[in-house]
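Line order of the protein sequences matches chains A and B.
Residues in the first sequence are numbered consecutively from 1, following the numbering used here.
Residues in the second sequence are numbered consecutively from 1001, following the numbering used here.
It is worth saying that the hints were derived from the structure and are not from the lab.
Some clues are possibly wrong.
Quick list of in silico lysine to aspartate or glutamate cross-link-like pairs, DMTMM-like style, CA-CA up to 20 angstroms [claimed, not checked]:
| id | chain 1 | residue 1 | chain 2 | residue 2 |
| --- | --- | --- | --- | --- |
| 1 | A | LYS536 | B | GLU1355 |
| 2 | B | LYS1005 | B | GLU1344 |
| 3 | B | LYS1154 | A | GLU422 |
| 4 | A | LYS316 | B | GLU1367 |
| 5 | A | LYS504 | B | GLU1303 |
| 6 | B | LYS1170 | A | GLU422 |
| 7 | A | LYS127 | A | GLU116 |
Where chain B lies over chain A, by a calculated footprint (3+ residues, C-beta under 8 angstroms) [to be verified]:
| id | segment |
| --- | --- |
| 8 | 26-32 |
| 9 | 199-208 |
Computed from a predicted structure; not experimentally measured.
Beta carbons are placed, not taken as given, at the ideal position from N, Cα and C, and that holds for glycine.
This is what each chain is made of:
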Amino acid sequence: MNFKNQHPVKTPFLVATGDDIVETDVLIIGGGVTGTGIARDLTLRGLNVILIEKSDLNAGASGGNHGLLHSGARYVCSDPEAAVECSTESEILKKNVGHCIEETGGLFVAVKGDKENYIADFPDMCKKYGIPSEKIDPKEAREMEPSLSDETIAVYKVNDASINPFKLSIENINDAVSRGACYLSHTRIEAFKIENKAIVYARVRNQISGKTHKIKAKTYVNATGAWAGSIAAMAGIHINMVFSKGSLLVTSKRITKRAINRLRKPTDGDILVPGGVVSILGTTSVRIKSPDNIYPTVKEVDYIISEGEKMIPELKTCRYIRAYAGVRPLVSMGKDNDRDVSRGFTLLDHEKDQVNNLITITGGKLSTYRLMAEKTSDIVCKKHQVSVECRTKMIPLPSTHSGEWSEPGVLVNDPFKPDTLEDPFLCECEMVPASAINTVIDSIKKNGGKPDLSSIALRTRIGKGPCQGAFCSMRILSHLYARGEIMDQTGINDLKYFLNERWKGEQSLLWGQALVQSSLKEMIHCGLFGLELVKK
Amino acid sequence: MKDKKYITCDITVIGAGFAGMVAAARASALGLKTVQTGNSSHLYFASGLFDFLGVYPLHSRTVLQDPLTGLSLLQKEMPGHPYSKTSLEAILKSFDFLTRFLQSAGLNYIKPEKGNRSVLTSAGTFKPTCMIPETISKSRLLKNDTNLLLVDFKGLKGFCARQIADILKKNYPNILTLSVEVPGKNGDLNPTHLATLFEDSSFLKELATQISPFLDKVELMGIPAVCGVNKSLEALTRLEKMTGLDIFEIPMMPPSIPGLRLKNAFEKKLAKNKVHFLSQAKIKPPRFNGSEFVLDVMNQNMETQIRSRGGILATGRFPGGGLHAQRGRIQETVFNLPVYQPDERSLWHHLDFFEKQGHLINTAGVETDSVFRPVDTHGAIIYENLYAIGTILAHNDWVRLKSGSGVSALSAFTAVNDFYKKSTTGH
């Protein structure tokens, strides 16, 4: 790893006391793919940035999606503009962030009973908007993907791919930090000080230490996704946000080689995307009132499976290890159905709202994150009278070591790494050795973060295998104590928090073998350790 | 296909977890000819601590100093709970039987003079329990001002002396820690291997040498619960003599060595009592021919038919395989007995893992009469001579109540006694 600080001015911020003001060119709020993408883009254009995130990387929609890099074909009938954006962007990303992408290819599959006219229009629409698609004989398709239903009636091959959003954000922020950016996790905006139609400074609070600081920037970028409305409201600006929850299920093994889409108007339970050694099935689209505390329900899980099994019957009986939910941040245009609201992004220069140095970027898709970052950075640069062109189209994103362990099954097939006394596997399901945990701990500390189970889990596969943290949680906690990373009783709360976060993803799909594992987990952590009796 | 083998006996125990072992122990001690099937390796998940009743009511989240105060309330409020089917006397008798049986197999358990006891765990928490292996019992000597040495072993995953010391130091400030490298060890260090090393005197000598710089600073020592497999108390006593310290073991996550000791002790004594054990056998759905209980089992390509006069179902819950959950319903796997359960899956689990009332699914299970014979939804006995015991029983969230061993011992003891009484008096 190489964390060269070309502008080593910002880091003292971390030890700043109460009234200290830290200055920077741009304060980015939100550590998802957009925020980290903007951080990289702006530093490549020579600006100083600080990025703050209220929890940690990809805590919102960036961490709650399929990881599908759209070819554009999904939107070709409903939202051609978004389809074209996806198509162009996915080709750029395959070139420049290839180490975060697996070029799986994709299939659009119709089964008996699906609407004939949609199937008939699909190839023409693809052609019209320049999105490559190729008709495949259903029989041949079932040889390519044996798990497809024998009721498959039409298949098209497209250029879909899978992308690891965690690795993407980790690498983007690492690259930005290498150019002097500062990343502050667990840091929340408390207030903006506004004078003469501009934000003078932002008061922020570190969620762990409780300390507040002031950050004074020339420009403020609100890249908080579903929370964009509440951040804008702090500057007295109203954005009409709509929250659409999407739930997804993770299977215990990879079911198809390619991304599989249902060949019909986009709706629920119609995409299965491979992600390393697992597959991800989704989604739903449920209008919700608030983007906080969301989780998949039993009803949603059953519905997604019942839809998915029509394309791939194995989805009815396979084992699921986790469910999770994300919130699509949509800006309302008065449409009733959230799937009809454009999946295109919304970029607002709040100069029009009498706050000259605040920009909001929200909506959009994982596939177009780079474009969103580019357009946002263009406005920032214009305000700063910086005439450097966007460079993320050209310059490949460097690959550092610290993003590597977020990839599913990165070591599972490596027969050469044995379980040794010097470097034991602390997570046996996903075969994550102590040395990998140490690399991640070092990288968290270098970025000013606190290594604990949750921050390590964000950057590795720990807790994501069949045991869902029953064993690795305690092993890694012990490892943290042995290294002196934790030196008080807070590790117990850390453990409880981590297990509960895992649990939110498990509780809706506990039957069969998954229920056996969760019973064992409760036997260990409640039966033996009595964690349910530990009061804060 | 080899010839089918036939065995005739008095009673068949299906299951070789804790409850099944107690049932086989009781049956063989009463002189009943006993056949047992199952997989005893699940005892690797047993902590080796015998709980009676640790928490009641659950929402209090408060440990019971004395299980009897909780018991009388539980019996009043939860008529379906296994403890409510019987008297305190029966519970105590079953514990007495169990400890005597294990003692005769060379495994000593200590009962506190009064109430529950808190045992220090590897998480740095204290677990309320009732009966404790003698090798763990000196944890009672730990007082707030004790000079304690905690020892861990490099490579033994999930046990860190510094962790326990850091978590406890607010209330127990005088804890020192030592991390021991196991000499000549390469590769993964698993608890069973380490436990075997403790029975080797040269290992103990080396260990005592590494501890020696601490001897004038501490009076008590805690080590992970890996101090020997079959001769644990001897190993512990030898180390105490070498160091002059009082020593106790600290239970840790599975694989559990105190659980392994239980497995070995039961197996040794049950073999002596001539219990016929069919290990890891696949069973076919059993049937009753009138009062004859017929069970066909397959193990090592050999088919055996067991004919007996009664059956004991001790197959456990989900991990043991006694209950199986499909996406919507929970089933009993051997007899397809009626299972008391929540109406739908959305009620099985709470959104908070640590929810103080526990998860509703953990109250699901088989309902029985007062001698643990399964009953249908109308309360009618299903088979005259079939008993269900242990964690498969309904209305007992044993993980949260800390009542697992107690309910298992009680139900095993009561069921076997009832069968014995009936078979000797001819009812």
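Hints not upheld, ascending by number = 2, 4, 5, 6, 8 and 9
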